[in-house]
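Trainee: What follows is each chain in one-letter form.
Protein chains: 2
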Amino acid sequence: MPTGTLLYAQSGGVTAVINATAAAVLQAARARRVRVLAARNGILGALAEDLLDASALTATEVRRLAHTPGGAFGSCRLKLKSLAEDRAKYERLLAVFRAHDVRWFLYNGGNDSADTALKVSQLAAEYGYPLTCVGVPKTIDNDLAVTDCSPGFGSAAKYTAVSVRECALDVAAMAETSTRVFIYEAMGRHAGWLAAAAGLAGDGRDAAPHLILFPERVFDEADFLARVDAVVKRVGHCVVVASEGIRTADGRFVAEAGGQDSFGHAQLGGVAAHLAARVKDALGHKVHWALPDYLQRSARHLASATDLAHATAVGRAAVEAALAGQNAVMPVIVRDGDAPYRWHVDIAPLARIANHEKTMPKGFIRADGYGITAAARRYLAPLVAGEAYPPYGRDGLPDYVQPKVPGVRRRLPRWQA
Amino acid sequence: MPTGTLLYAQSGGVTAVINATAAAVLQAARARRVRVLAARNGILGALAEDLLDASALTATEVRRLAHTPGGAFGSCRLKLKSLAEDRAKYERLLAVFRAHDVRWFLYNGGNDSADTALKVSQLAAEYGYPLTCVGVPKTIDNDLAVTDCSPGFGSAAKYTAVSVRECALDVAAMAETSTRVFIYEAMGRHAGWLAAAAGLAGDGRDAAPHLILFPERVFDEADFLARVDAVVKRVGHCVVVASEGIRTADGRFVAEAGGQDSFGHAQLGGVAAHLAARVKDALGHKVHWALPDYLQRSARHLASATDLAHATAVGRAAVEAALAGQNAVMPVIVRDGDAPYRWHVDIAPLARIANHEKTMPKGFIRADGYGITAAARRYLAPLVAGEAYPPYGRDGLPDYVQPKVPGVRRRLPRWQA
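Protein sequence lines, in the order shown, are assigned to chains A and B. Those letters in the first sequence? Residues 1 to 417, by our numbering. Those letters in the second sequence? Residues 1 to 417, by our numbering.
No false leads were slipped in.
Note: identical chains are not told apart, hence a pair may lie in one copy or across any two.
Derived DMTMM-like pairs: lysine to aspartate or glutamate, alpha-carbon spacing no greater than 20 Å straight-line:
id, residue 1, residue 2
1, K280, E256
2, K404, D206
3, K404, E176
4, K89, E176
5, K79, E176
6, K280, E176
7, K81, D112
8, K286, E256
If you are wondering where the hints come from, they were derived from the structure by calculation, not from laboratory data.
Looking at chain A on its own, in the form it has when it is part of the complex (with noise of 0.2 Å):
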């Protein structure tokens, strides 16, 4: 039996399938009878010695976990920068981790966690501390390298597809005395991977969603209003999804062209609002517009099965590889087959992941610049496919778990950042 302590930390932004990575590491590890620690706000639960003894959780409490999105034991967005800027910080992981034998350090994150996981295990090696780090991939910007996707994407791609589905057909009833144009914001301020996965939700000439932004195309204003006129005339109705990250060909972020309500009051952005308005102002057409935000990353009423595999596995393979001492890896997706839809999961050394960003090919954005291609289609359909709903109670809302964590006694002074 391996002796020490296995430290989780989840990071940056949660998801719908996180909490599924983290009831595999519990699983795996109470299997291999290693007790795991978490910490409380990702990073700085670790630094302000604020852990949690999740072995504390029963076994339904960690199955109920699996399907509960959000994240359990709390994130954080904190960047920890070089060894030598952030010394001090570093050097304060590892004395809490010395003082509670943390041996194995499950970092569940993206690129900027890779790269905190790939430095802790370095400031370790140099002063001879035994500690295996392995980073855990999650996201749903899906732009981490080296894995064919990222646990938490596919969910929030179903998420978008089904939604822009869904009010497709609400918009193409009403266009006829009403709304004619529909925007929908998708999450992606770099990379336009969910605004791509919208592409699912229809396929043809006059298919919703009939113009896709992505933040990889400069925003062009008058292409996109004649666009739009084009397809309510043609089609009866337009439906739009918009990445928020798109920009002016100045180089200037659409959402921040939000100014100030008539109370003087800085009006906070958003690209959907801002397009509504010139598509009314321009155009005439009556507009509707959606801004899901932390819904399209917290529906785990939707999830996809897919995606939940995949969270599922990266969790028991962080375990299994920290035990077996792969120090500085990550497990990562490997794509087989597209259709049937096959995949295994690999380990590959953070130093390939960290801080590299994953950008969408060039090849999936159709060459009008406002659709997908058929390349996009067969990487993205197997990752959507799958139901995998909660279980509901009899009060018809589903049955999500925020389960109580004892805290561990702390055996350090208190830390001033």
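Model the placement of chain B on the given structure of chain A, informed by the hints.
Mentor: Chain B only, in chain A's frame:
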């Protein structure tokens, strides 16, 4: 076997289950061997003699229609005025009905549609034309009189409660270093029924949603901001659900506070965007907000089984009432018990429904004005109970249908409004 044709039309905003009502109408009429025409885009198609031969749909298409959101034959927003003011339109309707031997008219909508159906029945009586007019209830606003609830509301309510529960878990995980306040905008211009349904997401002082803003209460910004801040201090984060229809003491819609963007264009309103900016400016908390808009009324993927049963039952009952010659009536839902929930369909005169509006009982809003009472929970809970998933394809998307319904040859000269 009854002779003549049944005309079915959808009106106003569509819902996740109005097509289930349409499917029930088609199935019930088919069982009685009655031919069904549908008006394209609601009453507009009836005026324009733009009719569809709904009886041509196959049994399979009708079954798929029953789980498809939106309005299969198109809907419209067109309120007919009094018989005196809009006499030419009413007479045109009667001419179209005569030309196609329409003996039964089923109008599937809200208050306005009930009024129109009533007036058409009055005109037919005046002219001695044998016509039976039946209203069929539908509205996510839940503001129809007499009926205990309106088909369409339960599914939108379930979407709202589930979405708020999900995004609340997301915010809870992020609050330490990122988003502290989340604002969800619910439909409801005059009545806060959907905002109230969000209250089902949690119960107890510290459970999300922490604050609900109802159009039934005057919006007091200072009080609201103080409460948001207090919740953030106590719980660590705050989830707000705001009805789009909230107003300040001077009667002004908060949603209309939107001004101009930096290009000088009008910014379309939005309660959540406005409140988010105020929270950020006044309290300094990081804020996110969501505006689900049409998503909340087209989310057939998350339909309430109770709502679906209601929508199906009123469609069937409407056909039975019509064929039995019950004129100027509407099938309504009668509640026989809360827990266990029991209900049946009754037939009510349109005169008791047309142009009445059901408001939310005062006893449903908590004394402090920011939450729902136990009485509201008792009323709302059964309406969101039960899951009724649509079938999904192997592509991971719901199997929705947009049936191609053949048009009916015109028999009258074109009509100019």
